[in-house]
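Chains A and B, in that order, give the protein sequences. Just so it is clear: in the first sequence, position 324 is 324 by our numbering, and no numbers are missing. Just so it is clear: in the second sequence, position 38 is 38 by our numbering, and no numbers are missing.
No wet-lab data here; the hints were simulated from the structure. All the given hints hold, so there is nothing to weed out.
Not close to chain B: a few residues of chain A, all C-beta gaps over 10 Å, as computed:
{"no.": "1", "residue": "16"}
{"no.": "2", "residue": "17"}
{"no.": "3", "residue": "36"}
{"no.": "4", "residue": "69"}
{"no.": "5", "residue": "194"}
{"no.": "6", "residue": "206"}
{"no.": "7", "residue": "236"}
{"no.": "8", "residue": "297"}
Residues from chain B that face chain A, not an exhaustive set, calculated with beta carbons under 8 Å:
{"no.": "9", "residue": "59"}
{"no.": "10", "residue": "67"}
{"no.": "11", "residue": "72"}
{"no.": "12", "residue": "91"}
{"no.": "13", "residue": "100"}
{"no.": "14", "residue": "103"}
{"no.": "15", "residue": "137"}
{"no.": "16", "residue": "138"}
{"no.": "17", "residue": "140"}
{"no.": "18", "residue": "189"}
{"no.": "19", "residue": "235"}
Derived CB-CB ranges, DEER-like:
{"no.": "20", "chain 1": "A", "residue 1": "68", "chain 2": "B", "residue 2": "20", "range": "22 to 30 Å"}
{"no.": "21", "chain 1": "B", "residue 1": "124", "chain 2": "A", "residue 2": "192", "range": "35 to 43 Å"}
{"no.": "22", "chain 1": "B", "residue 1": "55", "chain 2": "A", "residue 2": "191", "range": "27 to 35 Å"}
{"no.": "23", "chain 1": "B", "residue 1": "33", "chain 2": "A", "residue 2": "177", "range": "15 to 23 Å"}
{"no.": "24", "chain 1": "B", "residue 1": "291", "chain 2": "A", "residue 2": "43", "range": "48 to 56 Å"}
{"no.": "25", "chain 1": "A", "residue 1": "310", "chain 2": "B", "residue 2": "33", "range": "53 to 61 Å"}
{"no.": "26", "chain 1": "A", "residue 1": "317", "chain 2": "B", "residue 2": "33", "range": "54 to 62 Å"}
{"no.": "27", "chain 1": "B", "residue 1": "175", "chain 2": "A", "residue 2": "191", "range": "52 to 60 Å"}
{"no.": "28", "chain 1": "A", "residue 1": "192", "chain 2": "B", "residue 2": "317", "range": "52 to 60 Å"}
{"no.": "29", "chain 1": "B", "residue 1": "262", "chain 2": "A", "residue 2": "48", "range": "23 to 31 Å"}
{"no.": "30", "chain 1": "A", "residue 1": "310", "chain 2": "B", "residue 2": "262", "range": "47 to 55 Å"}
{"no.": "31", "chain 1": "B", "residue 1": "175", "chain 2": "A", "residue 2": "49", "range": "49 to 57 Å"}
Using N, Cα and C, we set each Cβ at its ideal position, and we do this for glycine too.
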Amino acid sequence: MVTAVKAKSVACNDLDPALLVRAYRVMLLARATEDKLASLYRAGMIKGGVFLGKGQEALSTASSIFLQKGDIFGPLIRDQAGRLAFGDTVLDTFRTYLGSAKGPMRGRDGNIHRGRPREGYYAMISHLGALVPVVAGGLYARRLRGETGVVGVTSIGDGGTSTGAFHEGVNLAAVERLPLVVVVANNQYAYSTPNSRQFACADLLDKAAGYGIAGFKCDGTDPIASLETLQLAVQAAREGHGPQMVVATLLRLVGHGEHDDAGYVDAALRQANVGRDCLEVGARQLIGSDFATAEEIAVWTKETQAEVEGALNIAQREKGPDPADEDWQAISTERLVDGHHDLEDE
Amino acid sequence: MSVTYLEAIRAAQEKALTDDPRVFIYGQDVGAFGGAFKATKNLAAEFPGRVMDAPLSEDAIVGLAVGAAIEGARPIVEMQFADFSTVGFNQIVNQAATLYYRTEVPCPIVVRLPSGGTLGAGPFHSQSMEAVYAHYPGLVVMTPATVEDAYSMMLEAVAIDDPVIFCEHKLLYYHLKADKLPDTAQPVGKARIARAGRDATVVTYSAMLHESLQAAEDLLEDGWQIEVIDLRTVKPLDTDTILASVARTGRLLVVGEAWPWGGVNAEVISRVATEGFGLLDAAPMRLNARDTPVPYHPDLWAAHRPTASVIAARLRQLLTQ
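Make the full structure from the sequences, and use the hints.
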């Protein structure tokens with residue numbers, strides 16, 4: 001049966017205060033971590049690129065904060081906050097950017113390409129959309145094993161919705177009625193390409209109807225709205241209503257990577273509602289609802305910065321991988337390794 | 001009672017489904033229809049919910065397999081024709097092939113590629129993709145040439161923890177027969193001396209094994225004894241068996257149905273030239289398909305790929321050098 005698309009607007013009054021506080025503190029931690037990554041990049045201390053999610057912390061946190069142990073999360077480039085909310089650590093973030101052998105990727109991959117798949121935390125590849133069918137496949141296998149109530153969340157940007165992999169993955173998830181939540185962060189630009197050059201439908205949410213799946217939209221700069229929307233979407237998926245698509249509107253407040261000054265962003269967008277900083281919105285919401293005081297937020301911010309410094313100190317002291325100790329083996333079956341390489345005996 | 005190459009592949013999948021509850025099959029038309037070539041005939045009925053039709057989405061089919069493998073399943077996915085695996089290429093080479101190296105989580109998937117040319121199949125239902133996948137680290141590439149290998153290597157493909165590209169040749173599906181399914185198997189990764197000889201070595205795999213064996217038989221009339229090596233897997237490539245044979249014969253011809261540029265044949269000759277140059281009494285030779293798309297017309301197709309008579313002629317050149 002095809003589920004009708006329901007674009008829900010969510011009231012901002014029945015969210016658990018403790019949840020908002022927890023989400024906000026994750027957002028703060030993500031922001032502090034990324035601010036530190038940006039300064040490390042400027043200081044030339046990170047090899048390769050740095051890709052930040054500034055401005056997307058509210059949506060990203062909301063994407064994974066409703067997941068439980070046993071669920072699957074397939075984050076993308078701008079999901080530092082969602083990664084932390086799912087259980088990734090600031091330490092593993094720095095370890096991966098700095099290439100520590102102790103990080104989850106052991107220097108074999110870097111920056112945002114990190115995960116711990118055994119813990120349901122999938123590691124993205126650079127090809128956008130490619131993670132959608134993989135998360136669907138994880139859910140498919142869980143269902144085959146008889147597990148129920150499992151949810152998978154993955155995210156994509158406005159640009160990623162143009163890929164074949166996104167289309168194939170969402171369509172397959174819909175056909176299989178998998179408990180997949182696809183969070184589309186419409187941040188107005190794919191690198192430098194504006195939405196006008198990306199898609200021709202009036203609203204990305206229209207795509208949900210085409211796939212026969214439920215759709216939600218929300219203001220991605222609004223932490224409460226993002227949390228309430230994702231809570232509904234994750235719950236619907238968990239209850240067996242098939243894939244859910246959430247389209248959130250926001251603006252990336254940094255470049256595609258730290259090498260990019262984002263000079264192509266329309267100044268009017270920066271001034272508009274879509275250009276709000278979700279951390280400022282969240283602080284106003286916390287204070288306005290008497291969930292927290294400005295002083296408490298200041299204390300959290302300090303604690304967060306201390307946590308970031310502490311993690312960085314550890315990661316900076318750790319060694320990178322030693323090429324001489326590497327097995328240089330891309331498959332796990334030792335006897336099937338193709339053993340003739342020009343560099344083998346050097 | 002005999003069993004065909006195709007029936008062996010079906011039987012191996014049936015056994016894998018029977019023996020291991022983690023195994024499932026996903027692909028276009030593999031369900032009640034039994035697959036475009038009937039390699040999954042009756043399996044959907046025999047294993048309800050574990051042999052499923054997929055939407056026409058090669059990328060998502062392979063992507064689903066990778067995700068399922070992360071969660072401990074052992075998926076077998078069918079690309080209806082090897083040619084269409086290009087649409088799933090990104091998931092194969094960038095997702096499946098990198099997973100273990102990047103994350104230490106192995107990726108036990110089998111991607112079945114009905115490969116190679118058949119009469120009238122034309123440019124997009126005839127391709128041999130093994131070299132393309134062998135190029136990427138992180139994949140095992142199997143190219144069975146016999147009924148026995150089709151069966152035992154499929155079982156092995158499901159059993160090992162790494163992604164396997166299983167190149168099964170469509171030309172062998174119905175015509176290649178054995179008396180029965182094998183009880184034992186040669187280890188995967190080891191080449192097999194399909195015919196012993198002393199005068200020249202032919203290294204080949206898949207359907208070209210049978211053309212090469214015919215050519216070796218033809219040369220016997222002139223008193224030449226040709227050794228024919230069946231690679232069985234092109235990755236890993238059993239270089240030791242090749243070098244040992246060349247050490248005995250001093251002459252090498254490599255035969256494959258794929259295109260010439262940078263392929264399996266090129267790799268074999270490169271290894272023999274760099275590691276066994278002193279073993280050669282003559283310059284090594286190779287035979288590939290021609291460097292054009294695979295043509296439709298039977299006469300063009302017959303002239304596009306190596307055949308027993310072409311192989312025999314080339315061997316005669318090699319032997320008189």
